[in-house]
Amino acid sequence: MFLPLALLLFTIFVILPIGEAGYYSLFRWNGYGEPSKWVEFSNYVRLFKHGAFDTAVWNTFKIILVSLVIQLPLALIIALSIYKKSWTNSLFRLIFFLPYILAEVAAGLIWRFVFDGDYGVIARFTEALNTDTWYLLADKNWAFVAILVVLVWKYFGFHMMIYIAALQGVPKDLIEASKLDGASRFQAIWYVKIPLIMSGITISIFFSILGALQTFDLIMPLTGGGPSNSTHTLVSYLYTFGITRMNVGFGSAVGVVLFICCVIFAFTYQSTIMKDKK
Amino acid sequence: MASVEFKHIEKIYPGNVHTVKDFNLKINDGEFIVFLGPSGCGKSTTLRMLAGLEDISGGEILINDKVVNDLEPIERDIAMVFQSYALYPHMTVYQNIAFALRLAGLSKAEIEKKVRPVADMLELTPLLDRKPKALSGGQRQRVAMGRAMVRTPEVFLFDEPLSNLDAKLRNSMRTEIKILHKKMKKTTIYVTHDQVEAMTLADRIVILRDGKVEQVGTPSEIYHSPANKFVAGFIGSPAMNFIPIELAKDEGCWFVDISGQKLNLLGDVDDNQTATKATLGIRPCDIHITPDLLTNPLVIKGKVENLELLGSTIQLTSRLGDSQIAIEAPSSHVVNEDEVINFYIDESRLQMFSDQSGLSIYKPKAVLESVTDQ
Amino acid sequence: MFAMRKIRWGKYIFLMLVAGFVLVPMFATVLGGFKSLGELRTNPFGLPDVWEFEYYAQVFADGSIWLLMKNSLIIAFFSVLLTLIIGTMTAFTFSHIKFAGYKYIYNYFLIGMMFPAAAAILPLFLKIRDLGLLDSLSGVVIPQVAFGLGFSILLFRSFFEQLPSELFDAARVDGCSYIKFYWHVILPLSTPILATVGVFVLVASWNNYLLPLLVLNTEQQYPWTLGIMQYRGEYGIEWNRILAYVTVTITPAIVFFLFAQKYIVEGLTGGAVKG
Chain A
1 MFLPLALLLF TIFVILPIGE AGYYSLFRWN GYGEPSKWVE FSNYVRLFKH
51 GAFDTAVWNT FKIILVSLVI QLPLALIIAL SIYKKSWTNS LFRLIFFLPY
101 ILAEVAAGLI WRFVFDGDYG VIARFTEALN TDTWYLLADK NWAFVAILVV
151 LVWKYFGFHM MIYIAALQGV PKDLIEASKL DGASRFQAIW YVKIPLIMSG
201 ITISIFFSIL GALQTFDLIM PLTGGGPSNS THTLVSYLYT FGITRMNVGF
251 GSAVGVVLFI CCVIFAFTYQ STIMKDKK
Chain B
279 MASVEFKHIE KIYPGNVHTV KDFNLKINDG EFIVFLGPSG CGKSTTLRML
329 AGLEDISGGE ILINDKVVND LEPIERDIAM VFQSYALYPH MTVYQNIAFA
379 LRLAGLSKAE IEKKVRPVAD MLELTPLLDR KPKALSGGQR QRVAMGRAMV
429 RTPEVFLFDE PLSNLDAKLR NSMRTEIKIL HKKMKKTTIY VTHDQVEAMT
479 LADRIVILRD GKVEQVGTPS EIYHSPANKF VAGFIGSPAM NFIPIELAKD
529 EGCWFVDISG QKLNLLGDVD DNQTATKATL GIRPCDIHIT PDLLTNPLVI
579 KGKVENLELL GSTIQLTSRL GDSQIAIEAP SSHVVNEDEV INFYIDESRL
629 QMFSDQSGLS IYKPKAVLES VTDQ
Chain C
653 MFAMRKIRWG KYIFLMLVAG FVLVPMFATV LGGFKSLGEL RTNPFGLPDV
703 WEFEYYAQVF ADGSIWLLMK NSLIIAFFSV LLTLIIGTMT AFTFSHIKFA
753 GYKYIYNYFL IGMMFPAAAA ILPLFLKIRD LGLLDSLSGV VIPQVAFGLG
803 FSILLFRSFF EQLPSELFDA ARVDGCSYIK FYWHVILPLS TPILATVGVF
853 VLVASWNNYL LPLLVLNTEQ QYPWTLGIMQ YRGEYGIEWN RILAYVTVTI
903 TPAIVFFLFA QKYIVEGLTG GAVKG
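Residue numbers (the working numbering), protein chains in the order written: chain A, 1 to 278; chain B, 279 to 652; chain C, 653 to 927.
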């Protein structure tokens, strides 16, 4: 049967590479021939000392923060508004889900345009207010904010869908019972609906954090990591500093760090917060 | 003290689905009213309109002479037990019962003071820390009742609360509900499709069909004096026999022709009855196989087609013309299949219904003569 | 009752604002391709005063866009095909043929779901190069399939477990071998989950950027994700052209979504909510 084939494929292309990444990270190597320069952990040391890497790590945290504080609650509020079955609600659901299905590069380009200092919304604003053109994406302090906006735009629909499915699974007579018990709309949401969709919320947080760790396709069309390395995420950092410069050892080190973060997060999250599930 | 009144209540769903039509009813304080009827007759809808869970399309509902149409459920001072119990799965039994009190802002001590006695009364005290999924059906039902009781509302509503229980449990819960009502004496409105529940629990029964009220009366009235054929056939188990007959008057006396056999009627036929065809109704237990105990038995002959022993009773089937009839008799009597025997109809229990309107058109002599027939 | 009215209006205004947030950039993109560059500058979000069709025409002019789409389609098609075949067979093995240690191997696959392809991308790239698959479409297909296996096997297996086990017993009595059972019974019954997984693999493959970026070098092999960035690089600030291009490339995705939304939503919510 195909089990051996699947195992083979999987091992070669998934498991082995990460193991090799661990191996290569201990070398300084350009990818050709055999790795020769054993540098122990100096790749890692360099990594943690590199300002751009710090920024990348911070940016990743910012993404997670914005997701948890802005994007997910926004998705939840919207889900609570439109989860009941009706024509208009279905239309809204469709519209809000649309950004999710676009490729990240496409979304990145679309917003690159919107944010463009000469042609986009920004341009219209600055013209209307009669100020100098503002190149938002070239602004060290604001470029990442722009990226966060795009992230929320792209993914809130995804989380909204998860919440809607969970909300539709709440039995209607529980809400009626709460009405009879005297719950206001808000109290019904807080005391009944939200506790009952906890498993959906948990999953959504899980995907959100994992996704934050992997952000890349969106960064490239918008800023490429600049200006001044202020908008890098872990993966775009890996690409810019590891791959394009063929710094295999260094890039592998980044990969290993990323891998460890992901696995630690996945394991701890699964065994603690997701433990209760049947 | 709570009276409830329904004035010309209507419910129309979009698409012109007229579920409840001109429903009128006055309920006195402390009464146990049962809405009884087949599925889709509008009984649950009416109850939910009273609860405030459905909008009222027409008419007014009054609780204690106050119009409540626009009030939220909590403002109507009512509590409801749902068919599915609707217990909050993420809360313990204690929290389920206490939830309404918590929403009302009572302190923990006050809540404790109210919840404990209710839990004791329903024998839920050992279960207070459990979640609903760890409870049996009967226990969940009691939690649902506790949740309703703890709020001490003016009116209790029950929406088919026993339908999800097995037969034995249903019997014992039914008794519990009756005992509770006797103790608490609150106005109660109870919806069911089960006539046994209705007959045993109700002070008065409201029989509904297709959104209209067919009859309102005490269990005794409904059983002995059904207003129309539907009510007569709906109540009573085994069901009433319906026999098509021909009516005629001979020298001022009414008599009926049942496939050749003639019976003299002793009571009064409604004056408006002009047609000669009608439907006779008689319950299986009111057809006897001996004339003992009957004052004015009507006698017909028939062949015993089928015989079943049910323990203390036997059930026979026979044929009158094209109709099959069922007879219920004490099993002490000896009857054999294929025997042709006399059946003695208790005249005082005879019913007759118009084929056009379905209304009852006959009053037996015994009812006319005596004041009550207990 | 009046309070309800106000809440309702407030809710709709809020939803419309969000809808605007979602749709305005997309409309601007579609319309942008119809404007001249000058007009785009002065009127980025409105309807074009003059509808210029030449920019859209030019997108199609040299036919390269069709090549890009074709490449994307080929990659996606084979990714889906291989994932479905290998994934179902493997999942079938796990759900019906319980051999010693199967749990360990199953969990082994699940590990693959926990970290992104990006973490091991460098060694992966080297491996692809060393296997001679660099700059070939298979070099994109095979790793995609490998990474997608964990997720697919998970979904397939849980679906298979839900099929009544009597089916298998009945088939064995009828003398059905494992392979035949797989082919004649399991697959036909699995069409919903096949559709769902297929749609996900398709969308992920269609939108993939990083992997093709690394693996492919010759333009003729580029999928549209690489092509679009190239176009951008070529035309710099001529946003009207770029927007036209973007519109053309995202249209298939949107159309596909409208047709397949049922599966996307079901798969997403079913798998996600049930955990």
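Errors might be hidden in some of the hints.
[Said to hold, decoys possible] DSS-like cross-link-like pairs, simulated, lysine-lysine; straight-line CA separation at most 27 Å:
1. Lys914(C) with Lys84(A)
2. Lys663(C) with Lys179(A)
3. Lys658(C) with Lys172(A)
4. Lys411(B) with Lys179(A)
5. Lys172(A) with Lys832(C)
Since the hints were made in silico from the structure, they are not lab data.
Hint-by-hint comparison with the structure:
The suggested pairing of lysine 914(C) with lysine 84(A) holds, with an alpha-carbon distance near 17 Å, which does not exceed 27 Å. With a CA separation close to 21 Å, the supplied pair lysine 663(C) and lysine 179(A) stays within the 27 Å bound. Taking the CA atoms of lysine 658(C) and lysine 172(A), the gap is about 24 Å. The hint holds against a cut of 27 Å. Under the criterion of a C-alpha separation no larger than 27 Å, the hint pairing lysine 411(B) with lysine 179(A) is consistent with the structure, at around 22 Å.
Simply put, lysine 172(A) and lysine 832(C) have alpha-carbon atoms about 45 Å apart, too far for the 27 Å limit, and the pair is violated.
In the structure shown, a violation is registered for the earlier hint numbered 5 alone.
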